[in-house]
Amino acid sequence: MSAIHASQLSFFAAHAPFDRMEHKHLLWLLEHLRLSYYAKGEVLAEPAQGKVERCFIIKQGMVQGARQGSVEAAVFELHEGETFPVGALLAKRAVTSVYRAAEDVFCFELSADDFHALLELSLVFKDFCTRRIAALFDQSNQAIQAQFAQAASEQQSLSSPLSEVIRFAPVACAPSTPLQTALGIMHEANVGSMVVVDASSKPLGIFTLHDLLARVVLPGLSIERPISEVMSSDPVSLPPNAPAYEAAMAMARAGFRHVLVTGSDGVLQGILSERDLFSLQRVGLRQISGALRQAENIEVLVSLSKDIRTLIHNMMAQGVAAEQLTLFISTLNDLLAERLIELECAASGLLESPLCQDICWLVMGSGGRYEQTLNTDQDNALLFTVPKGMTADQVREQLLPVALRVNQALARCGFPLCKGNIMASNPKWCLSMDEWKVVFSDWVDQGSLEALMHSSIFFDFRALAGQHRLADELRNWLAKLARSNSRFLHQMAANALRNRPPLGLVRDFVLNESSRLDLKINGLTPFVDAGRIFSLATGVIQTSTIQRLRRSAADSNIPPHEVEAWINAFLFIQMLRLRHHYEAIAQQPGAGVQLLDNLIEPSMLNDLDRRILKEAFRQARKVQVKLALDYQL
Amino acid sequence: MKALLQRWLAPRPRLEHRQAERLSAWRGLPDAGKKSGFENSRCVVLDVETTGLNLMTDTLISIGAVSVVNGSIVLADSFYVVLQQRESSRKENILVHGISGSVQREGEAPADALLSFLEYLGKDPLVAFHVKFDETMIRRAMRQYLGISFNRPWLDLAYVMPALFPDLMHSHRGLDDWSSYFRISNEDRHNAVADALATAQLLLVAISIARQTGNSGYEGLRSLERTFRYASGER
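Line by line, the protein sequences are chains A and B. Using this note's numbering, read the first sequence as starting at 7 and increasing by one per residue. Using this note's numbering, read the second sequence as starting at -19 and increasing by one per residue.
Simulated from the structure, these hints should not be mistaken for laboratory data. Take these hints with a grain of salt, some might be off.
Said to hold, decoys possible - Output of the computed footprint for chain A on chain B, the stretches with three or more beta carbons under 8 Å from beta carbons of chain A:
| id | segment |
| --- | --- |
| 1 | 147 to 155 |
| 2 | 179 to 186 |
Unchecked claim - Just a few of them, taken from the derived set where beta-carbon distance is under 7 Å, the chain B residues facing chain A:
| id | residue |
| --- | --- |
| 3 | S52 |
| 4 | I53 |
| 5 | F162 |
| 6 | E167 |
| 7 | R206 |
Stated by the list, open to error - Here are the simulated distance ranges between beta carbons:
| id | chain 1 | residue 1 | chain 2 | residue 2 | range |
| --- | --- | --- | --- | --- | --- |
| 8 | A | V631 | B | D156 | 44 to 52 Å |
| 9 | B | R(-2) | A | A54 | 51 to 59 Å |
| 10 | A | A19 | B | D156 | 20 to 28 Å |
| 11 | B | S96 | A | R99 | 56 to 64 Å |
| 12 | A | D133 | B | A56 | 58 to 66 Å |
| 13 | B | S96 | A | A592 | 57 to 65 Å |
| 14 | A | P167 | B | D156 | 55 to 63 Å |
| 15 | A | T136 | B | E99 | 50 to 58 Å |
| 16 | A | P566 | B | N20 | 44 to 52 Å |
| 17 | B | D156 | A | A54 | 36 to 44 Å |
| 18 | B | A56 | A | G545 | 25 to 33 Å |
| 19 | B | R(-2) | A | H29 | 41 to 49 Å |
| 20 | B | E99 | A | K46 | 36 to 44 Å |
| 21 | B | E(-4) | A | T136 | 52 to 60 Å |
Ideal Cβ positions, reconstructed from N, Cα and C, are used throughout, including at glycine.
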């Protein structure tokens, strides 16, 4: 063993993935390293060198990579502790960029053979290299969880698979079982629910003590009757590997108290009650959703909107990932808005009007994409069909005052009014089906800057309340329209490319005047824009960015691993943004959502997060390169 | 003074059989010869720790070294040894290099330690920062414990660096000055290996600069060193 280790270990202990490698593997690595110097401007690796022969770990200084052949030189920076070119080493090919010392650089070097030997030796290293960005995300997410761990240490995570959450074996019986017998079994086993299964143990229905009063006692039903007559048919079931939050979501959305767990063969494995999930949550998701559904006036909703925030904070504390978190926020916000609309419609007498069968409340923007955060403002609109004997203007006259009340009430619940007045109470955005089609057609035909801007908000619409079929009809119509208009898609792509990810030439990031970075505009928007364009081009009708990217990938010739890398990057930026909001609220409790911004100072991030953010922005660039290729921009 | 006299008047050291064999094996190694460039040769960058800074009275405690092979530092090919001391060094010096009295007494027998160093070195040329100090300490220990006259080629970066960067010569004198100029971090200053590594990193810089100015290779840098000594009035 050589003498140098002690003095170099501290360097490796400070950088991922070496900080997690086993000590003996680290020593092995040290035994196989060389240390080289590159003067400013010197090339470390370039495509012309052929198959890459060395793995570099920057000990000191900065290396700049420049991708060849791209019109606008894509330049990226590598700093102390970073390892490159991992992709080329894994694929045993030449590098695709020119790596040049941007200042005096000292680099540890590992031969390609030793690099592959280390991959075999150290799982941590292999994991890091093959999953790279994903592995960094994991590490960062663990750090986030550790940060919040004090608050939630005793709690099981909502991300645990259902198989771990189930506490009892399910109690089940055949559909022909008389109620009396079934109730006897339930009493014996001290359970509140009975699953009804067929001969092969596949669930047919569920009966709970809660149903006893309403379905048996009050109607005066004989307890000799078979249980199949009073059970709830087609119960919701989830696979055992589904995370607990999915069960919570299913309960919240549909208002059930139980969810079944069934294997891939459909055989019953367990039953989960809301009580099982309560222990996973500080504020119950179903409690809130139940309360939202039953709220009797706006005041109750206003106070529940605060509970939603508390719940979201707790979920962050439990390490629920950004994807689920934004879905949770959207789900709860939807429930709140639905109830609010219901209340306002009732208060204004609209519920009794036949018009009720012809209206659909739409949400757009981040709400439409299920990507709401804590500072999402309102983007909504109304869609209606004109009943016989009425004109669109007459319908509008009736709807606008109600819409205004809804908009104002939503504002009181913490959804700021839209600054651009993209709201249902604006006569411009309270339109009949035919009017919407005219407006959309105009945008697609014109392609003016304003039309493109509107498209980017409105084309993310989905139904929130009222007649969902109306929104579906409009969506399917739009899918056909956009797909056939390549000029419009080309313009959208060109517009999207105006917004470049802020990777710096000199330092890591290009910052605004206050040396901060806008996570939403600079980080998320490239993915959101690309998702919209890919989906419109391939006829995908989903509105969430993740779904759009995933579902349009095959038709857009995007390899699956690439899409997943984009999605990971998108989610990471989203997580940083949520955490930023979380911290802002924690520092200033009671501060209004208006105070939440999306601006972060990269210098305040830890090393790991800064590196991932950089990597995430690189992925944003890749998305844009794909757009540019597709549309020859 | 008494100790000094004892050392000068001491008889030739008596080596054990195995030690004598090791020494003659080293002596029998072919000389590395004057290779042209650093790209295809090995040299050893060295730093020593001593009981103090007095060339006359202080003695060698440890040797740290790293090798530069074909133009880059090979981490595995590094060397460190502590020489067993008759009495441990003064307290203030222990504080500087951090080798405690007990470690000093536990070190290797000096003859064995020096033989290990020779075997690590082979017949390759040496590099250090302020060679005079390191060379004096090593030479004296070699004479005292192995009874040999250690005449090997040395390159002194303390002269090479200012020769390559004349603009910096007045503001940069010590190893720390040059290290910090090139932002070479040293987490373990005054540990002989860590200091040797920092010196070796300086050598890499020097090699790179010298390549641009045509003074390439070990001999190129040596002649640069000689010229600079001459120009600055040293003979």
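Evaluation of the provided hints:
1. For a cut-off of 8 Å, the count of residues in the segment 147 to 155 of chain B with a CB near a CB of chain A stands at 0, and the three-residue condition is violated.
2. Using a Cβ-Cβ cut-off of 8 Å, 4 residues of the segment 179 to 186 of chain B lie near chain A, which meets the minimum of three, so the contact claim holds.
3. The interface hint given for S52 (chain B) holds, since its Cβ lies 4 Å from the closest Cβ of chain A, which is under the 7 Å cut-off.
4. Proximity of I53 (chain B) to chain A holds as hinted, the smallest CB-CB distance being about 4 Å (cut-off 7 Å).
5. A distance limit of 7 Å between C-beta atoms decides the matter here; for F162 (chain B) the minimum to chain A is near 6 Å, and the interface restraint holds.
6. Evaluation of the E167 (chain B) hint against chain A yields a held restraint, the C-beta minimum of about 5 Å falling below 7 Å.
7. This hint is violated: R206 (chain B) has a C-beta 24 Å from the nearest C-beta of chain A, more than the 7 Å allowed.
8. Range check, V631 (chain A) to D156 (chain B): about 46 Å between beta-carbon atoms, so the 44 to 52 Å window is met.
9. Take R(-2) (chain B) and A54 (chain A): their Cβ atoms lie about 54 Å apart, and the range 51 to 59 Å holds.
10. The beta-carbon spacing between A19 (chain A) and D156 (chain B), approximately 24 Å, falls within the hinted interval of 20 to 28 Å.
11. Range check, S96 (chain B) to R99 (chain A): about 44 Å between beta-carbon atoms, so the 56 to 64 Å window is missed.
12. The hinted window of 58 to 66 Å between D133 (chain A) and A56 (chain B) is violated, with their beta carbons roughly 25 Å apart.
13. Between S96 (chain B) and A592 (chain A) the beta carbon distance is about 59 Å. The supplied range of 57 to 65 Å therefore holds.
14. Checked against the given bound of 55 to 63 Å, the beta carbons of P167 (chain A) and D156 (chain B), roughly 57 Å apart, stay inside it.
15. Separated by about 42 Å at the C-beta atoms, T136 (chain A) and E99 (chain B) break the suggested range of 50 to 58 Å.
16. Checked against the hint of 44 to 52 Å, the pair P566 (chain A) and N20 (chain B) passes, with Cβ atoms roughly 47 Å apart.
17. One distance hint, 36 to 44 Å for the beta-carbon pair D156 (chain B) and A54 (chain A), holds here, with the actual separation near 40 Å.
18. Taken as a hint, the range 25 to 33 Å is violated for the pair A56 (chain B) and G545 (chain A), whose Cβ atoms sit roughly 59 Å apart.
19. For R(-2) (chain B) and H29 (chain A), the Cβ-Cβ distance of about 34 Å falls outside the hinted range of 41 to 49 Å, so the restraint is violated.
20. A C-beta distance of roughly 39 Å is found between E99 (chain B) and K46 (chain A), which places it inside the suggested range of 36 to 44 Å.
21. At about 54 Å, the CB distance of E(-4) (chain B) to T136 (chain A) agrees with the hint of 52 to 60 Å.
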